[in-house]
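Visitor: So the chains spell out like this:
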Amino acid sequence: MTVTPLSSSVSPQLTAVEVRPDKLGRFGRFGGKYVPETLMPALTELEEAFYTYRNEAEFQAELNGLLKDYVGRANPLYFAERLTDYYARPDGSGPQIYLKREDLNHTGAHKINNALGQVLLAKRMGKKRIIAETGAGQHGVATATVCARFGIDCVIYMGVHDMERQALNVFRMRLMGATVQPVSAGTGTLKDATSEAIRDWVTNVENTHYILGSVAGPHPYPMIVREFHAIIGQETRAQCQEKWGGLPDILLACVGGGSNAMGLFHEFINEPSVRMIGIEASGEGISTGKHAATLTAGRVGVLHGAMSFLLQDSDGQVIEPHSISAGLDYPGVGPEHSYLKEIGRADYYGVTDQEALDAFQLLSQREGIIPALETAHAFAYLEKLCPQLEANPRIVINCSGRGDKDVQTVAKVLKFDA
Amino acid sequence: MGKSVSAQFQTLQDRQGCALIPFITAGDPDLSTTAEALRALDRAGADLIELGVPYSDPLADGPVIQAAATRALERGVTLDAVLALITEIAPELSAPIVLFTYYNPILNRGIEQFLHDIHRAGVRGLVVPDLPLEEMDVLLKPAAEIGIEVTLLVAPTTPKERIVAIAQQCQGFIYLVSVTGVTGMRQQIGNRVQDLLQELRSVTDKPIGVGFGVSSPEQATQLKTWGADGVIVGSAFVKRLAPGGDTVGGIAEVENFCQQLRTALN
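In order, the protein sequences belong to chains A and B. Residues in the first sequence are numbered from 1 upward in steps of one, following our numbering. Residues in the second sequence are numbered from 1001 upward in steps of one, following our numbering.
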């Protein structure tokens, strides 16, 4: 049985917030700033702005006001009764499944939490132009949204392959006035879009802020993005307290770069009784080589400014990943996840495209909630997790995004008549 | 083994010359063309040659060098193949070879192993565009022990106190990035470069090479007039070697262009 949390053996010194990251932006041996010299002053400026404003009353008031009235927070912690029934043992006992409903946020995913926080920072730093990368388009939509809200020029880099499979989100971004810049390099997916966004930033750094959309990239991004998503875990704690007067037993979230997972995990890292599980995309299966399971099958390397686990070949060239989900189709992973894996505080597993598709349908049919394909990966792991559990542990799944954007892709794969 | 990077600059400085430093991407369009191009550049008066190791995610490079790297990787060019090429050609060249590589291939091989391997192949200098000062410690000391000079970059956005710290750590020469941006040909070199050169000169005696965006003999002359100790020209060479034309024409054009730059710097 794997019920016992591995976390109980992790020294509190390794999980103290002061070392996540340390002053150099490192989480253990992960993280850091591996970027061209041109960007180094901008990273310092961003870090200083973050520390200056994040606890400032006016900034807090503006951010919290918008999170409430514009994003629609707090979103619910929902007890998924029929999903719980589905995984119940014959005697009716079994894990109790709750969904943190980030899919109910304005724009349909957790991504808006970070986009909003960063645009408020950018405004205070006097930046006139915003750029971002996007894979599934959710971060691109969130960024286009906040730029429309504040009247700031916005350019979104998106791989041509992703533009095709997430056409709805491309339209949404353009509708809100953003320029969507197609990236055809590589496989035309998230990695390539991120590289191109960084090149734009190197060129326009003096008037441009780069809203990186995951807990990846050079310091201070992994920390800043986590902090703006930490509200997910903070609300979850309060809602658990309210519902049953305790902590959750297990947290479950999908991991591409890892922002929704970090947002949920961060609040609970120093609660040793809370087990944390991140789910990566195994694509067509690890053994086929067509996957995006960085923490499962990668080696330590440097991509997009951070040291972390990385899918790379024997020569240190980055391998093009594969996932049916555009948002998980990334060869790297946020450095803090690499750290949590290495110190044994969180576990990471993979589920395949097919398993995610099955979960996509199961959640739709049993709860009337159509999840994003990324999110469906987290749900898919219930198939493996639930049979291993004893008693009635409370599982909180980050329902990180809704699946409207994916229905065409799924209809095509399942050969539904559209 | 030939001259070190700093010895080459010293020789030039003794006769008040300005170093011509062409850059080409190894393996584009293929390794045998790279070998011919290295010989041609050496014949045409290059003082140092920067050789780029193709990498899958070259963040500091513009479209020309990015495309060259992609083509080289598609042809299966590996670090070992690049080092074998250098081992074969370097003894024929009077210009020391400076290797330009992103950090991940170094990390992948292991820093010490990498340094040993490139040193044995005949490389004398190293530029790692995504390894800034803060992350450089792991490389500088072992490189110095092995005899590889590591060049650090200074950008137009680098603040004064940071310039001082970079200049102190730098070996061989300081690479002044002339534009806020990625590599690639620009029509003009901004006057700001003159100020940057003066600022850098005021804090260091080490040689200063200027690169990113330099693509014509006129620009090279301008930089020399402004006090550069070396001029790095990349995309303009890489473009001349790119597939599309016939390779012999490419080599001849590279040699001719290199001679023009040489003349401009004399």
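By construction, these hints were calculated from the structure, which means they are not laboratory data. Note that the structure is predicted; figures quoted are calculated from it, not measured. Treat the hints with caution; some may be incorrect.
[To be verified] Pair ranges (Cβ atoms, derived):
#, chain 1, residue 1, chain 2, residue 2, range
1, A, E56, B, Q1010, 34 to 42 angstroms
2, B, V1164, A, D153, 50 to 58 angstroms
3, A, V19, B, G1110, 24 to 32 angstroms
4, A, N207, B, G1110, 38 to 46 angstroms
[What the hints assert, rightly or not] Keeping only pairs whose Cα atoms sit at most 25 angstroms apart, straight-line, the calculated PhoX-like set for lysine-lysine is:
#, chain 1, residue 1, chain 2, residue 2
5, A, K23, B, K1160
6, A, K123, A, K290
7, B, K1206, B, K1160
8, B, K1206, A, K23
9, B, K1160, B, K1224
10, A, K290, A, K128
[Stated by the list, open to error] Taking beta-carbon pairs under 8 angstroms as the criterion, some of the chain B residues facing chain A (in silico):
#, residue
11, A1007
12, T1011
13, Q1013
14, Q1016
15, G1017
16, D1030
17, Y1055
18, A1060
19, V1154
20, T1157
21, T1158
22, T1180
23, G1181
24, M1185
Ideal Cβ placement from N, Cα and C applies to all residues, glycine included.
Visitor: Indicate, hint by hint, whether the structure satisfies it.
Guide: Okay, the hints, checked on the actual structure:
no., hint, in the structure
1, A:E56 - B:Q1010: 34 to 42 angstroms, "violated, 53 angstroms"
2, B:V1164 - A:D153: 50 to 58 angstroms, "violated, 36 angstroms"
3, A:V19 - B:G1110: 24 to 32 angstroms, "holds, 26 angstroms"
4, A:N207 - B:G1110: 38 to 46 angstroms, "holds, 40 angstroms"
5, A:K23 - B:K1160, "holds, 22 angstroms"
6, A:K123 - A:K290, "violated, 41 angstroms"
7, B:K1206 - B:K1160, "holds, 16 angstroms"
8, B:K1206 - A:K23, "violated, 31 angstroms"
9, B:K1160 - B:K1224, "holds, 23 angstroms"
10, A:K290 - A:K128, "violated, 40 angstroms"
11, A1007, "violated, 26 angstroms"
12, T1011, "violated, 28 angstroms"
13, Q1013, "violated, 25 angstroms"
14, Q1016, "violated, 29 angstroms"
15, G1017, "violated, 27 angstroms"
16, D1030, "violated, 17 angstroms"
17, Y1055, "holds, 7 angstroms"
18, A1060, "holds, 4 angstroms"
19, V1154, "holds, 7 angstroms"
20, T1157, "holds, 5 angstroms"
21, T1158, "holds, 6 angstroms"
22, T1180, "holds, 6 angstroms"
23, G1181, "holds, 4 angstroms"
24, M1185, "violated, 14 angstroms"
Violated hints for the displayed structure, listed by number in ascending order: 1, 2, 6, 8, 10, 11, 12, 13, 14, 15, 16, 24.
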